[in-house]
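A.B. asks: These are the residues of each chain, in order.
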Amino acid sequence: MNSSSAKDPGHEPHQNTVIVNGRSVAVTDKELTYEQVVALSGLPTGPEASFIVTYNRGHGDKPTGSMVKGGDPVKVKDGMIFNVEPTNRS
Amino acid sequence: MSSPRIARSPDLARLQSEGYEVDVRGGHLVVTNIPYVNADGDVQRGSMLAALTESGDRAGKPCDHTVWWAGSQPCHHTGEPMTAIHNGAVDQDVAPGLHVDHRFSSKPPSGAYDNYHHQFTSYIALISNEAVALDATVTPRTFDPVETDPEESVHRYWDTATTRAGIAMANAKLEMDKLAVVGLGGSGAYVLDFVVKSPPGEIHLFDGDDLLNHNAFRAPGAVPLETLRNRPKKVDYYAELYGHLHRGLVAHPYFLDAGNAVELADMRFVFLCMDSGPAKRELIEFMDSTGIPFVDVGMGLGERDASVGGILRVTLSTPEYREAQEKIDFADPDDEANEYGRNIQVIDLNALCACLAVMRWKRFCGFYRDYSGEHTMLFTTDTNTLLNEDTI
Numbered sequence: 185m186n187s188s189s190a191k192d193p194g195h196e197p198h199q200n201t202v203i204v205n206g207r208s209v210a211v212t213d214k215e216l217t218y219e220q221v222v223a224l225s226g227l228p229t230g231p232e233a234s235f236i237v238t239y240n241r242g243h244g245d246k247p248t249g250s251m252v253k254g255g256d257p258v259k260v261k262d263g264m265i266f267n268v269e270p271t272n273r274s
Numbered sequence: 014m015s016s017p018r019i020a021r022s023p024d025l026a027r028l029q030s031e032g033y034e035v036d037v038r039g040g041h042l043v044v045t046n047i048p049y050v051n052a053d054g055d056v057q058r059g060s061m062l063a064a065l066t067e068s069g070d071r072a073g074k075p076c077d078h079t080v081w082w083a084g085s086q087p088c089h090h091t092g093e094p095m096t097a098i099h100n101g102a103v104d105q106d107v108a109p110g111l112h113v114d115h116r117f118s119s120k121p122p123s124g125a126y127d128n129y130h131h132q133f134t135s136y137i138a139l140i141s142n143e144a145v146a147l148d149a150t151v152t153p154r155t156f157d158p159v160e161t162d163p164e165e166s167v168h169r170y171w172d173t174a175t176t177r178a179g180i181a182m183a184n185a186k187l188e189m190d191k192l193a194v195v196g197l198g199g200s201g202a203y204v205l206d207f208v209v210k211s212p213p214g215e216i217h218l219f220d221g222d223d224l225l226n227h228n229a230f231r232a233p234g235a236v237p238l239e240t241l242r243n244r245p246k247k248v249d250y251y252a253e254l255y256g257h258l259h260r261g262l263v264a265h266p267y268f269l270d271a272g273n274a275v276e277l278a279d280m281r282f283v284f285l286c287m288d289s290g291p292a293k294r295e296l297i298e299f300m301d302s303t304g305i306p307f308v309d310v311g312m313g314l315g316e317r318d319a320s321v322g323g324i325l326r327v328t329l330s331t332p333e334y335r336e337a338q339e340k341i342d343f344a345d346p347d348d349e350a351n352e353y354g355r356n357i358q359v360i361d362l363n364a365l366c367a368c369l370a371v372m373r374w375k376r377f378c379g380f381y382r383d384y385s386g387e388h389t390m391l392f393t394t395d396t397n398t399l400l401n402e403d404t405i
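Protein chains in written order, with my numbering: chain A, 185 to 274; chain B, 14 to 405.
Source of the hints: derived by calculation from the structure; they are not laboratory data.
Positions of the beta carbon are idealized from the N, C-alpha and C atoms, including for glycine.
Treat the hints with care, as some may be off.
Said to hold, decoys possible - Pairs of lysine to any residue residues, derived as SDA-like cross-links and limited to a Cα-Cα distance of at most 20 Å, are as follows:
#  : chain 1 : residue 1 : chain 2 : residue 2
1  : B       : Lys-375   : B       : Leu-365
2  : A       : Lys-253   : B       : Glu-339
3  : A       : Lys-253   : B       : Glu-336
4  : A       : Lys-253   : B       : Asp-347
5  : A       : Lys-253   : B       : Leu-400
6  : B       : Lys-210   : B       : Thr-173
7  : A       : Lys-246   : B       : Thr-404
8  : A       : Lys-261   : B       : Thr-396
9  : A       : Lys-246   : B       : Asp-403
10 : B       : Lys-191   : B       : Glu-164
11 : A       : Lys-261   : B       : Thr-398
12 : A       : Lys-246   : B       : Thr-398
13 : A       : Lys-246   : B       : Gly-32
14 : A       : Lys-259   : A       : Gly-242
15 : A       : Lys-253   : B       : Asp-403
16 : A       : Lys-246   : B       : Lys-375
17 : A       : Lys-261   : B       : Asp-395
18 : A       : Lys-253   : B       : Thr-404
19 : A       : Lys-246   : B       : Leu-399
Stated by the list, open to error - Facing chain A, according to a computed beta carbon distance under 7 Å, are these residues of chain B, among others:
#  : residue
20 : Ser-200
21 : Pro-306
22 : Val-310
23 : Gly-313
24 : Gly-322
25 : Gly-323
26 : Ala-344
27 : Leu-400
The following block holds chain A by itself, in its conformation from the complex (with noise of 0.2 Å):
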């Protein structure tokens, strides 16, 4: 994870809780990528898996919505809820 702070070493970095598949987690980075979600969820991967993400409680502009490998990022918001599964069983 980035540390924002480097050049201020007594000052803690932001942190902000997520949720990622119901298990809080801590993050400081002010954006999130899909693969970043993907590794917070800790799910297997391999050449062929293809994930579903999505996203609640996010930032006003857009609190709601999904996202794609190689899509945009996501600015984090403390509280926001996040989703990630291989949607692959019926």
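Put chain B on the given structure of chain A with help from the hints.
C.D. replies: Showing chain B alone in chain A's frame:
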């Protein structure tokens, strides 16, 4: 098979909605189980028939003011024959299997009946009122089910839900001769439960699996223990169960892949309800290349702290727009499932996938009004949110 004339004809639909036992067979309108009084003064049941005319896609006006009667001569409650309307005894078949014994003739004041509802209710009232005078509990408006003629309906008894609701025109948009459900797990079985009550003529079921104990807990209805002991194929179990209602179920007790994907070639629409894997990719490639529209459903669930959560996905792919397929996962879930314990499906979520999939098919056909145009639906369980994406 196109929608029944009963559904398309307001006068026939009204007769049916009012509880008369209406049937169409052999080119005739047939109303059965009409109470009347015979010459012995007993209450009996008879049938009334008339040739059914056509006006475009619905019934036309009655060709004349007469009707046929199958039964003995109707009498007044006194036992005197109803001579005023009687036009003669006959002994003939008006169509194969449709035998009649009498003919009635009674013109209304206007000189001609407006429609079949006007004509039949008029004659039936004259005849049945005599029976009601002897037994107040009898009625021609029985609301009893009528077994249909295979030429007339894909369902073994009439879809009176559609006629009562007056939505026959919308329902007609779901007519298609062949449809397939690939995969009869929890989602596929619920898709079948809904689609079987709609107009499609043939519903083809593809799945090579047996119906096992754990499958019963993600299946519509209740599977009897004896049935589970017999270890039927899923497609055979469902074809028999839903065969009580629908005549056109075809069970294929094997899996589809590139080698036999051609069996989908004539399908007007396909519901893909199978676990991911190489076969799914092959079927999608086949449907892309042959221009078949389909809906694909998938779910992913996990457990944390003794609570379950995850995401349901419904993808529509049509010849006009295939791009939403990008979000379909082709990794075989069972490669990792045992190690990571991610083998969770829950019946109500299977049913929700099926509801959303069938609703999407109905919007695609125009049965439901649609301002969304989405090709991807994502439902997140822990925030109860439905996302629409890939809209065109």
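A.B. asks: None of the hints should be skipped; say for each whether it holds.
C.D. replies: Status of the hints after comparison with the structure:
1. B:Lys-375 / B:Leu-365: holds, 15 Å
2. A:Lys-253 / B:Glu-339: holds, 10 Å
3. A:Lys-253 / B:Glu-336: Distance ~15 Å between Lys-253 of chain A and Glu-336 of chain B Cα, so the pair holds.
4. A:Lys-253 / B:Asp-347: Roughly 23 Å between the alpha carbons, so the hint for Lys-253 of chain A and Asp-347 of chain B is violated.
5. A:Lys-253 / B:Leu-400: holds, 18 Å
6. B:Lys-210 / B:Thr-173: Holds: Lys-210 of chain B and Thr-173 of chain B sit about 11 Å apart, inside 20 Å.
7. A:Lys-246 / B:Thr-404: holds, 17 Å
8. A:Lys-261 / B:Thr-396: holds, 16 Å
9. A:Lys-246 / B:Asp-403: holds, 17 Å
10. B:Lys-191 / B:Glu-164: holds, 16 Å
11. A:Lys-261 / B:Thr-398: holds, 18 Å
12. A:Lys-246 / B:Thr-398: OK: Lys-246 of chain A and Thr-398 of chain B at ~14 Å, within 20 Å.
13. A:Lys-246 / B:Gly-32: violated, 54 Å
14. A:Lys-259 / A:Gly-242: With Cα atoms ~7 Å apart, Lys-259 of chain A and Gly-242 of chain A stay inside 20 Å; holds.
15. A:Lys-253 / B:Asp-403: With a Cα-Cα distance of about 15 Å, the restraint between Lys-253 of chain A and Asp-403 of chain B holds, given a limit of 20 Å.
16. A:Lys-246 / B:Lys-375: violated, 30 Å
17. A:Lys-261 / B:Asp-395: Holds, because 18 Å separates the two Cα atoms, which is no more than 20 Å.
18. A:Lys-253 / B:Thr-404: With a Cα-Cα distance of about 19 Å, the restraint between Lys-253 of chain A and Thr-404 of chain B holds, given a limit of 20 Å.
19. A:Lys-246 / B:Leu-399: Holds, at about 14 Å.
20. Ser-200: For Ser-200 of chain B, the interface hint holds, since the closest Cβ of chain A sits about 5 Å away, which is under 7 Å.
21. Pro-306: Given a least distance of 18 Å, the restraint on Pro-306 of chain B is violated.
22. Val-310: holds, 6 Å
23. Gly-313: holds, 3 Å
24. Gly-322: Status holds, d = 5 Å.
25. Gly-323: holds, 5 Å
26. Ala-344: holds, 4 Å
27. Leu-400: Since chain A brings a Cβ to about 6 Å from Leu-400 of chain B, closer than 7 Å, the hint holds.
Checked against the numbered hints listed earlier, the structure breaks hints 4, 13, 16 and 21; every other hint is satisfied.
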